Structures are given as C-alpha cells and as structure tokens.
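Enquirer: If you want the building blocks of each chain, they are given just below.
Protein chains: 2
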Amino acid sequence: MTKTYARLTPLADSLPATVPFVGPETQERARGRPFAARLGANENGFGPSPMALSAMAEAARDVWMYGDPENFDLRMALAAHHGIAPENIMVGEGIDGLLGYLVRLLVGSGDVVVTSKGAYPTFNYHVAGFGGRIETVPYNADHEDPVALVETAREVGAKLVYIANPDNPMGTWHAAGTVQRMIEAVPEGCLLVLDEAYVEFAPEGTAPDLAPDDPRVVRMRTFSKAYGLAGARVGYAIGARELITAFHKIRNHFGMCRISQAGALAALHDQDHLRQTLDRVGAARRRIESIAQQNGLHPLPSATNFVAVDCGADGDFARAVLQALVQQDVFVRMPFSTPQDRCIRVSTGRAEELDLFAAALPRALERARSSR
Amino acid sequence: MTKTYARLTPLADSLPATVPFVGPETQERARGRPFAARLGANENGFGPSPMALSAMAEAARDVWMYGDPENFDLRMALAAHHGIAPENIMVGEGIDGLLGYLVRLLVGSGDVVVTSKGAYPTFNYHVAGFGGRIETVPYNADHEDPVALVETAREVGAKLVYIANPDNPMGTWHAAGTVQRMIEAVPEGCLLVLDEAYVEFAPEGTAPDLAPDDPRVVRMRTFSKAYGLAGARVGYAIGARELITAFHKIRNHFGMCRISQAGALAALHDQDHLRQTLDRVGAARRRIESIAQQNGLHPLPSATNFVAVDCGADGDFARAVLQALVQQDVFVRMPFSTPQDRCIRVSTGRAEELDLFAAALPRALERARSSR
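So the protein sequences, as listed, match chains V and R. Quick note on UniProt numbering: the first sequence kicks off at 1 and runs consecutively. Quick note on UniProt numbering: the second sequence kicks off at 1 and runs consecutively.
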C-alpha cells in the first residue's frame, strides 16, 4: 500500500480541483488555433493609458526589488482620488484576490453567504474554499434583487451578502438610491460586499456616495476593466478602517507586482485616457447592440463594457450560438444559470474585433437554428 | 452601542495585524530619507536578463488581457529545463504565495508544523494564519538541523516540516546527501517543504536529484533571487502530481501578472545571464566577507546571495550595529532569534552599494561599541 505524506485538511480534501473560468488560452490550445476576436473575458481591448505603459517600463528596470508591501503611493493616490483616507483602502491582487482575503476573514465552516443565482462564480469559489455555505436568490428580470438578497441574508443569518453593481454577467444595474437602501437594510452581523468592478462604465448616479467608515459595506474596485490593466492584477477594497486593518492579518504582504503598482498609479493619474476609454466602450457597446438587433436578437441594457445578448430561446440554443461563434474564432462567454443563460455575453472591443463578431453572428445563429 | 456587521471568524479575530517583514520603503518613509544602499532584502541588484526586460516590455502592450491561468508556457519551459513533467509544477505568486496555498491545503486548526527557531517567518505567518501550531527546533552551529527537524516532526505528528536549503537568514547549507537522508526519514503523514529559493547560488551537489513524484517532499523555487525578478512575484513548486493538482482547488487562478509570466519565461531562457549573475554574486559575497574580516568580524560561509556576519557579541550589539548602518542609509536586516541574532545579514549588491557598506561599517561598529 502506498503511504500518504501530504494529508489534506478534511475541507481541502472535499473540494473539487476546479477553475471558475476556463481561460481563452486553454481553449486555444484545445482548439489548436488562436481566437481572432477576444470578446469573452470583459477585458478592455482599448488598453491602458500610455502613461501607465511608460510607468511600467520604468518600473521594470527596478523589478529586482520587491514592491512596497504597503502599496503606499497607490493608496495615497486612491485616497486623494476618492476624497477618503488611505486607512480605508486595501490594495490587493485584483478583486479576485481581495474577495479571497475577505471570505477567509469572515467565513468559516458552515457560515452562510448570500448571492444571486448565476452571479460571479469566483466569489462562490472562495466561499466554498473556506467551507462556507452559499444561499442564492434568483435574478429578477435580469437584475440582481437587492431586497430579496438582504431579506434572505437576514433569514439565514448570513455573514456576507454579495451584489455586483453593475452586474456581471447581465450588465444591468441599480441606481445609487437602491443600493443605498440595500446598505441601510443590511442586517446586523452581515457585511455587504458591493462589487463595483464595472462602475466606471455606469451612468452618473450608479455608485452611492462613498461613506468609507460605514461598517455595513465593503466596496471592491479594480484596474482590470475601465483602466485596461487586467493582466496587472490590481484591485482595491474600500471599507471601514477596522475591516481594512484586518486584511493585514492574512494577506500576502509582498504579493503585489512592483510593475503593476506603478502601472495602476499612472493609470489613475490619466483620467483623460479613462474618459476616452469610456467613450470608446460606449460606442462599442452601441455597436454590439446594433449587431444584435440586426440579427433579430435583443441586447440587454448595459452599464458595463459588455452586452448580454438575449438569443431569444433557451440555454441550449444560446450555448449552440456561443459554440458556433467560438468555432469561427470569436471568443465570447455566457451566463452559467437559467434563465440568464438564454443570453451570450459579448465584451466590447476594438472595431476590427467587432467586425469579426458581426460577420460570425449570422452564421452562428443559422447553425444553432439548424441544429435544433 | 455600535452594531457589528463584519463578524470575523474566531481564528481571524485572534490573529494580530502583522507583517513578517517591514519593507524598506516603510522605513524610508519613517526616516524621511531614502536608503543609499539596499542590501537588506536579499534582492538581486544585478537585475534580470535583458531578455526578460524586453519580454516584459512586449507583454506590457498586452496587459489589457488577463494572464493565462494555467501558466502553460512557463510550466512547459520549467518542465523542459528541469527534465520533469509540467504536471509536477505549480506556478504561483512567489514562494510566499505558494507557501500560503500549501499551508491552507494541509494545516487546519491545531495541526502541528515543525520548523527551525528563527527560520523563514513568512512560513510561520501562514501556519498561524490557518490555525496551525508551530514547533521549533534550534539551529545547530548556525545550520538548520535536518535530523532534529525530522525527529521532532515524528514526535509531534507534524503535517509539515520546513527546511530551507540553503538557509535564510544564515546562508549555510547542507549537501544533497544530507537532504536526501532527510527526505528518506520523513515520517508517514508528514510532508517535507524544501525551500530552495537560494539554491541556484549554491555549489553543485546542494540540491538532491529531482524526483518530482516523490510524495514526501515539495520543493519551492523562485525567480526572485538568482533571476533578479523579486518585484514580479513568480515562484514555483515541484511536487507529486496529486499534491500539485490540489493547488487548483484553492489557488487564485487568475492571480499571476501577465507581464511577470513573460519575464520569468524569458529569464529562464537566458541561462548565460544567470551564470553571469552567479559570478557577480560570488564576487560580491567575497567582498562582503572581506569587508567583515577587515573590521574584525566573522562572516559565515554562505551558499546564497547574502552573508550573515557574526558581530562577535550578542543580539543587542548586532542590533546596535544594524541600527547604526541604517542611520547611515545602508539597509540591512538581521536574524530574529537568538543565537543567530548575533549576526547582521548583508545582501550582495552592486559595487557602489558595497562601497557604502564598507564605509559605514567601521563607524557602525564604533557607535555600537561606544553605546555598550
């Protein structure tokens, strides 16, 4: 009999070896062919500020040094940008990394967490990974349901309740007032995780005023989307000082890439580039909407850098459309859960990539219809 | 009474808000003055391969894309480099990040882990962070004690036993045969963590042959030291496939910086630069030894990119020497535990930085002696 040396914890032993998202590179290797249009990961093909690129090139020369474990310069700049104190800000390895830390701080075996059915799977991955139990609330007309989320959190005694505003994967959003009412209604003993990864794309009046010392909510922001730095892995949390301080108990203090720190700092300072990006993303979003409509499909209103396109039938049909797009080298994704999975999710991108999507969609629909 | 919303787990609540190492930038901000010589973090001032810099500049243009969550290209290259299978390799956010994952997989509340008293504090930080209990074994003549480590692991039923070879902070090392005997002696139910962060600097015959499917040991390697990419955060673990697969259960799949992935890949391919680095580090090590000896101090033999310099008295004296070096803008560190804390730890660096160390040391010793 083989002897065992690595004894996993019962929890680790029980977990599946999984991945919340299969990367496009994995698909490309399986297909033996690269994608021609990369419109599936809600990345920002308009790219980061040229100032961020310069700053990263400069920082690369110093990459023999560890990055500042306090992320001091970036936190100071974020504090000034938002008009809050740096003590209310925790910088980390993307929102994914920060969600992992947050869940680790709050969720132990059997603790309950509430989210929407079909919302961000990486959050669920972290909850499961720390032994938490997930209670889900259905979407309401393709929107996350703030009232039901908070009510359920109260009923089950949740430690965390998660909402993304704007939402991923549907692109829908709630006005600031609705979110503020959600914050007001959070039950004692429960923390609201307000994931604002896409908030820069949203109309004015989507983000509630920052009240960083509000103990009821922690907000997540990122440089991966509007700032075009997904590959750099820089996110930040805004929350009450006591909570932010708690991250220091468990975080990987030297975990931040020095080049990424510099890139994010420079990107933040180039708000002109951000505004240009928002314009470009807006135009690309309208183009996706128009392509969808030209093909008789219904694009959902979006406050993000992607559009959920209702393919007009069930999940099997949308999956067939997606598959036929992928076969034509157009990388897109789709929601995991019914009924949202009647949609495909198309990220905004450069004109040439949307041209490929426009060309591929009619054939994809034809193939999907013929295989029904 | 204030209401509580964020309810930390009992474990998280019990942990201190800490940092295993205070960064030099933090010290610089406190001093109000930058360091002139950065010789404290065992970084590699000779820098990475120019090929790595080019690859990172190239990758920066694509930083709007997430990095490949499988780290496929880097794992394939590492597999070819080591003559092992990619399934035996896990790439992660530095050894610090990988140690965190490993501890999370194996160590739950009350599980016991064995390490040397005064060895790598970040490992201990992770163990404490997951509720583990740390048993320590003293150094033996400034070397970690492989026999005592394994014996203690057996006595206490440890899940992990940690050794760094070469050792940090002392720079001492064991020959491959000694490590191999340690592997053979690891008790059932215990995994040996062999931290080889500095192994590229060590003489031939320091690293045991790679037997990657050996279930008794997991080895940690990094691009932070010999490859000069500390700020990029790229490390890798080599271990049995079953253990490596288990990392997929909990790791931050999209956690790697895309620029760092490219930098590490290119650095690995430039073994000529690595050889030049090893020559430079060797020369700098001899220079530190010579500076120490000229000041009547005893440099410990080192197989790393730093030298532990025995200041010839107790920890208080060494701390005074260190403090006086820091006051002269020379950043160095020292061991945390007695009796190793009779030493200061000086990283190799460029000639101009060692010049500053050489100039500052006599005065530092004078100040330390006069304050006794």
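Please keep in mind that the hints were generated in silico from the structure rather than gathered at the bench. Any given hint could turn out to be false.
[To be verified] Straight-line C-alpha distance at most 20 Å; calculated SDA-like pairs for lysine to any residue:
id, chain 1, residue 1, chain 2, residue 2
1, V, 3, R, 213
2, R, 3, V, 154
3, V, 3, R, 187
4, V, 3, R, 185
5, R, 3, V, 245
6, R, 3, V, 155
7, V, 3, R, 133
8, V, 117, V, 336
9, R, 3, V, 3
10, R, 3, V, 242
11, R, 117, R, 287
12, V, 3, R, 242
13, V, 3, R, 241
14, V, 3, R, 10
15, R, 3, V, 187
16, R, 117, R, 338
17, R, 117, R, 300
18, R, 3, V, 336
19, V, 3, R, 214
20, V, 117, V, 152
21, R, 3, V, 183
22, R, 3, V, 156
23, R, 117, R, 242
24, V, 3, R, 181
25, V, 3, R, 154
[Claimed, not checked] If you want the footprint, here are the derived chain V segments under chain R, 3+ residues with CB under 8 Å:
id, stretch
26, 38-45
27, 101-113
28, 175-182
29, 194-201
30, 334-345
No experiment lies behind these values; they were computed from the predicted model shown. Beta carbons are placed, not taken as given, at the ideal position from N, Cα and C, and that holds for glycine.
Enquirer: Next step is simple, just say for each hint if it's right about the structure.
Expert: Consistency of the hints with the structure:
1. 3(V) - 213(R): Holds. Residue 3(V) to residue 213(R) sits at ~13 Å (cutoff 20 Å).
2. 3(R) - 154(V): Cα-Cα ~15 Å, so holds.
3. 3(V) - 187(R): 10 Å, holds
4. 3(V) - 185(R): Since the Cα atoms of residue 3(V) and residue 185(R) sit roughly 13 Å apart, the hinted pair holds (cutoff 20 Å).
5. 3(R) - 245(V): 18 Å, holds
6. 3(R) - 155(V): 18 Å, holds
7. 3(V) - 133(R): 24 Å, violated
8. 117(V) - 336(V): 9 Å, holds
9. 3(R) - 3(V): Answer violated: residue 3(R) to residue 3(V) is near 51 Å, above 20 Å.
10. 3(R) - 242(V): 13 Å, holds
11. 117(R) - 287(R): 29 Å, violated
12. 3(V) - 242(R): Holds: residue 3(V) and residue 242(R) sit about 13 Å apart, inside 20 Å.
13. 3(V) - 241(R): 15 Å, holds
14. 3(V) - 10(R): Not satisfied, since the Cα-Cα distance of roughly 34 Å exceeds 20 Å.
15. 3(R) - 187(V): The hint holds at about 10 Å.
16. 117(R) - 338(R): Holds, because 9 Å separates the two Cα atoms, which is no more than 20 Å.
17. 117(R) - 300(R): 18 Å, holds
18. 3(R) - 336(V): Not satisfied, since the Cα-Cα distance of roughly 37 Å exceeds 20 Å.
19. 3(V) - 214(R): 11 Å, holds
20. 117(V) - 152(V): 13 Å, holds
21. 3(R) - 183(V): Holds, at roughly 14 Å.
22. 3(R) - 156(V): Holds, at about 18 Å.
23. 117(R) - 242(R): At roughly 30 Å apart (the allowed maximum being 20 Å), residue 242(R) and residue 117(R) break the hint.
24. 3(V) - 181(R): 18 Å, holds
25. 3(V) - 154(R): 15 Å, holds
26. 38-45: holds (count 5)
27. 101-113: holds (count 6)
28. 175-182: violated (count 0)
29. 194-201: With 0 residues in contact (Cβ-Cβ under 8 Å with chain R), the coverage given for the stretch 194-201 of chain V is violated.
30. 334-345: violated (count 0)
Hints 7, 9, 11, 14, 18, 23, 28, 29, 30, counting from the list given before, are not met by this structure.
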